[in-house]
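Peer 1: Let the hints inform the model, and build the full structure from the sequences given.
Under the UniProt record's numbering, residues 1 to 381 are what the sequence shown spells out, in order.
Everything labelled a hint here was simulated from the structure, so no lab data went into it.
Be aware that one or more of the hints could be misleading.
[To be verified] Straight-line Cα separation of at most 20 Å, DMTMM-like style, residue types lysine to aspartate or glutamate; simulated pairs:
#  : residue 1 : residue 2
1  : Lys293    : Asp146
2  : Lys60     : Asp43
3  : Lys307    : Glu379
4  : Lys153    : Asp67
5  : Lys293    : Glu269
6  : Lys60     : Glu50
7  : Lys23     : Glu13
8  : Lys339    : Glu329
9  : Lys175    : Glu329
10 : Lys175    : Glu316
11 : Lys175    : Glu261
12 : Lys223    : Glu269
13 : Lys285    : Glu268
14 : Lys23     : Glu135
15 : Lys23     : Asp363
16 : Lys90     : Asp12
17 : Lys336    : Glu261
18 : Lys223    : Glu261
19 : Lys339    : Glu261
20 : Lys15     : Asp363
21 : Lys41     : Asp62
22 : Lys175    : Asp321
23 : Lys311    : Asp121
24 : Lys151    : Glu50
25 : Lys90     : Glu33
26 : Lys153    : Glu379
27 : Lys23     : Glu364
28 : Lys293    : Glu186
29 : Lys339    : Glu379
30 : Lys23     : Asp12
31 : Lys23     : Glu84
32 : Lys339    : Glu303
33 : Lys15     : Asp44
34 : Lys293    : Glu268
35 : Lys192    : Glu287
36 : Lys307    : Glu378
37 : Lys214    : Glu269
38 : Lys293    : Asp265
39 : Lys339    : Asp67
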Amino acid sequence: MGLNPDVTALLDEFKAIRHQIHKNPEIGLETVETLALVKSKLDDYGISYENIGVNSLVAKIDGREGDTTVAFRVDMDALEMSEENGFAYKSQVEGRMHACGHDGHCTSLLALAAYLSKNRDFNGTVLLLFQSGEEGYEGALRVIEDSFFDKYKVDYLFGYHAWPGLASGKIAVHKGACMASEDRFEIMVTGKSGHASMPHVCNEPFAAVADIIKGLQTIVGRKIPSHERGVVSITQVHGGSLRNGIPDNVMVQGNVRTCNESVQDLIEESIAQTVAGAAAIYGVKAELDYVRKHPVLVNSVPEIAIKAAQKAVGAENVVTDMESSMAAEDYAFYMKHTKGCYVWIGNGVDSPPLHNSKFDFNDEILAVAASFFIEVIEELL
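Peer 2: What follows is the structure, encoded as structure tokens:
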């Protein structure tokens with residue numbers, strides 16, 4: 001029990017790899033150099049791999065006899081924001097930084113690869129999935145569309161995220177929903193333009209928009225059961241160009257988060273009803289474009305992750321009562337095709353939040369994550 005000694009012995013080596021990736025952040029699906037680094041390390045370890053999706057990769061390690069396949073997935077892409085840290089390995093690319101820890105996620109899977117290259121005494125197959133484009137670029141969908149689940153028989157898939165606010169050395173496992181769905185909507189309200197001094201000859205879209213916004217803000221409080229969670233946020237309103245002119249069109253955009261698919265359905269239906277009602281009252285045309293960006297991330301086998309985490313960090317460091325997050329994660333798409341569990345590993349109580357210009361992945365997680373993955377393999381294979 002405890003962190004794997006073979007992994008901890010290599011911690012300094014993998015810190016250096018993580019720092020190299022951190023200095024050279026790549027955005028979205030364009031993780032070309034990061035993927036090249038991953039390939040060079042896998043070559044060193046004698047592990048075979050193939051490209052999948054867009055600048056993503058699957059490595060395969062066969063053990064002894066046995067037909068169970070366990071996969072592990074990490075992301076590799078950074079964010080379009082400037083880093084405000086002062087350490088030596090800060091981003092060397094202006095306007096880009098690893099503010100979500102994907103540099104560390106990627107490195108921890110390389111640590112697992114290094115371990116498995118010398119320890120293949122398991123029954124079955126292990127897959128290592130290095131994925132691009134998690135930050136809104138549909139990287140997971142590109143992998144799935146490239147026949148990932150047809151090319152490989154994936155019985156289980158596990159992943160994790162470094163988590164600010166959770167103490168270093170702790171692992172959080174959710175029973176059921178771990179992270180929220182993300183939906184996006186755009187409402188185009190069309191009226192009749194004219195002079196601001198003569199609204200009686202116009203058909204003002206802003207009046208309908210005001211009621212729509214007010215109505216949307218009541219959905220969670222009045223329609224969603226109090227024991228459920230949901231968020232409806234208005235994020236953009238655009239319309240008009242004159243101080244003395246009523247415009248033809250006003251556009252409203254927003255974001256929806258839930259941790260329950262039935263709540264997701266109810267919110268979408270309620271938004272449509274609100275928009276249609278305001279359009280009818282004010283005699284304007286209102287078109288709703290509602291897009292489901294990510295599904296709810298639901299853990300189907302938390303008991304396996306709990307056992308593995310207890311072996312890796314001790315039962316006292318495994319947390320099972322944290323609230324699910326309203327952030328979304330495209331790992332959720334994989335859970336529509338196989339069983340698995342996504343855990344959080346503590347980045348430190350005082351860690352800056354994710355997507356913050358001061359965020360940095362805690363290097364100590366590298367050994368925690370790789371040890372957790374090793375214990376998952378022990379449990380299943």
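Peer 1: Find the hints from earlier in the document that the structure breaks and name them by number, from lowest to highest.
Peer 2: none
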